[in-house]
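Participant: As they're listed, the protein sequences go chains A and B.
Just so you know, my numbering puts 269 at position 270 of the first sequence, and the rest follows in order with no gaps.
Just so you know, my numbering puts 106 at position 104 of the second sequence, and the rest follows in order with no gaps.
I should point out that these hints are in silico values taken from the structure, not numbers from a laboratory.
Check each hint, because a few of them may be wrong.
As the list claims (entries may be wrong) - Counterexamples of contact, computed for chain B against chain A with all Cβ distances above 10 Å:
| hint | residue |
| --- | --- |
| 1 | I20 |
| 2 | N37 |
| 3 | L61 |
| 4 | L90 |
| 5 | V107 |
| 6 | A129 |
| 7 | V168 |
| 8 | R180 |
| 9 | L183 |
| 10 | W268 |
Said to hold, decoys possible - DMTMM-like cross-link-like pairs, simulated, lysine to aspartate or glutamate; straight-line CA separation at most 20 Å:
| hint | chain 1 | residue 1 | chain 2 | residue 2 |
| --- | --- | --- | --- | --- |
| 11 | A | K6 | B | D114 |
| 12 | B | K272 | A | E197 |
| 13 | A | K123 | A | E197 |
| 14 | A | K123 | A | E202 |
C-beta atoms are modelled at their ideal positions from N, C-alpha and C, and glycine is treated no differently.
As a plain string of letters, each chain reads:
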Amino acid sequence: MLTFLLKRTLYALISLLVITLIVFSLSHLSGNPLDALLPDDATPAQIEQVTRHLGLDRPIWVQYLTFLQNAAVGDFGDSLKWKGQTAAEVVWQRLPATLQLGGLALLISIVVALPLGVMAAVYKNTALDAVATVIALLGQSLPAFWLGLVLMWIFAVILGWFPTSGYGGLSHMILPAIAMAWFQVAALTRLTRSAMLEVLDAEYIKLARVKGVRERSVIWKHAFRNAAIVPVTYFGVLAGSLLTGSVVIETVFNWPGTGWLAITAIQGRDFPVVQTVVLFFALLFLLANLIVDILYALIDPRIRNT
Amino acid sequence: MRRLPLVPIALLLLVLIIPAFFAQWIAPHDPYISNLRARLQPPVGFGGTWEYPLGTDRLGRCMFSRILHGAKYALGISMVGIAIGAILGTALGLISGYLRGWVDVVIMRLVDITFALPSILLALALAAISGPSLGLVVLVVVFVIWGFFARQVRAEALSLRERDFVARARVAGASGPRIVLRYILPNIMNTIIVLATLQIGVVIILEATLSFLGIGIPRPAPAWGLLVADGRQLIVSNWWISLFPGLAILLTVLSVNLIGDWLRDWLDPKLRQA
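Please model the entire structure based on the sequences and the hints provided.
Facilitator: Structure (structure tokens):
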């Protein structure tokens, strides 16, 4: 178990290093980084000062090590658009908004998808199964940004049940959270359904039924517990999709979280902030996957030895 | 063989393929020319005229013509991106599965890393540096899909290389590259075709999403994602600007996915598990 943990942590660290390398080379190799950092009408004195400040006159590997050193303590320089704040501060302030919305979307995905997937498997080839199949197919084919706009149009503009966009309480969060959760619901329902179908076919389920165990207990206690391993492994992917979703949905609904921040920073050519968001998201994502790996090994001992 | 999925095929022709090739002859207006006297015209049936069947945008450009021309971007990006991604992934998958050893370890670790990095992060970082461009979208698409090909091709190459006909070819003196290209690759072609078809929907949504966010295809191209973005601020008063381009994306991806499922069941049923 310990070697498994160490190995997984090592993999995550290597991935993180590769990502920092990508971000670093993007900012330093594709053209002059000063173009991205300075306004077009910068004076020679300003250019000189920034060059020395960033250490651009030193060898490239020294620059990379400095970059890593700064990244490790969360120092990515000052924001160019939000004056007087560091990039890390700007990102940190936006985090709660993203966590609120992402959390609600995650909750919706689980609460809808797991029961729906289980029921679709239990009542295979019925109307309920057909509904689950259609939801899964639509989820794969609907672009989230457009779904968000359509929900906004129907439920906020026409029906007036919710506010159209902006930051606020639960009523502001419902539409964006549904738009964000839709794809996850589709994927998770499909996964749960196929995992349940496989387990329901197993000998021990037949045995439980023959023994006269109540049907509800067969489904939830015997079958679901064994099928649940598949949805659990999916949560790593889920975390990544929610991060992507936060960029898209926050932009659609003007929800001032980190995803919205990234797009606004790009429009304002605020490279330090974009860089911070990218590395921060990568870190969150790798951490989520590491936790999933550990959970997986705890639930299913066979994994530890592979 | 199951019945051909005729409805999805017809839909795909109607929404994507015919417009992509023939937009300049079908479209009633130039997609770039604005008519300031016909700004924000509603579509037919909602107070509009047949002059502009799907209405006009804020600059008075014909939405129907813009959507028809937009098909080129959806089709072009997905074809080019998938072709490059499939060739790169297949080549690396073959090398990985045939050579095994440390080469295999390195390539598969690379696949893991690209899967571990959400595509949107790469797109954000790239767009922040170089601004949105066609090349950027293709790069992100290739980055996202090559791993699927590499992983699947490797798995099949690993099992094929142990088969008798490969052993005989080796005894007969065939070189490594010859075995891979003449004996292993032809046996994997079906898998590659099915995988490529199943990726089209993913790629079209990815391209539209990047364009919508302003980090994909640059304006003023009428790419579908950009058209939806144009209508975002106007959703309260002029819903048609965002609605119809999104519908085009939905219908295209839906029909591609249905055709892909059918193709998989016909050509390569074992992929159903993947």
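Participant: If a hint holds in the structure, say so; if it does not, say that too.
Facilitator: Structure-based check of each hint:
Residue placement check: I20 of chain B keeps its beta carbon more than 10 Å from all beta carbons of chain A (closest about 20 Å). The beta carbon of N37 of chain B is kept farther than 10 Å from every beta carbon of chain A, the shortest such distance being approximately 25 Å. Residue placement check: L61 of chain B keeps its beta carbon more than 10 Å from all beta carbons of chain A (closest about 20 Å). The claim that L90 of chain B lies off the interface holds: its Cβ sits roughly 17 Å from the closest Cβ of chain A, which is beyond the 10 Å cut-off.
A cut-off of 10 Å between C-beta atoms confirms that V107 of chain B is not in contact with chain A; the least separation is 12 Å. Not every CB of chain A is more than 10 Å from the CB of A129 of chain B (nearest about 6 Å), against its label as outside the interface. For V168 of chain B, the shortest C-beta to C-beta distance to chain A comes to about 27 Å, beyond the 10 Å cut-off, and the non-interface label holds. At the 10 Å boundary, the C-beta of R180 of chain B stays outside the reach of chain A, the nearest C-beta of that chain being 34 Å off.
With a minimum CB-CB distance of about 31 Å to chain A, L183 of chain B clears the 10 Å threshold, and the non-interface call stands. No beta-carbon of chain A comes within 10 Å of the beta-carbon of W268 of chain B; the shortest separation is about 18 Å. For a cut-off of 20 Å, the pair hint linking K6 of chain A to D114 of chain B stands: about 14 Å separates their Cα positions. A hinted pair counts as satisfied when its Cα atoms are at most 20 Å apart, and K272 of chain B with E197 of chain A qualifies at roughly 16 Å.
For the given pair, K123 of chain A sits about 12 Å from E197 of chain A by alpha-carbon distance, which is consistent with the 20 Å threshold. Distance hint between K123 of chain A and E202 of chain A is fulfilled; the C-alpha atoms sit about 19 Å from each other, no more than 20 Å.
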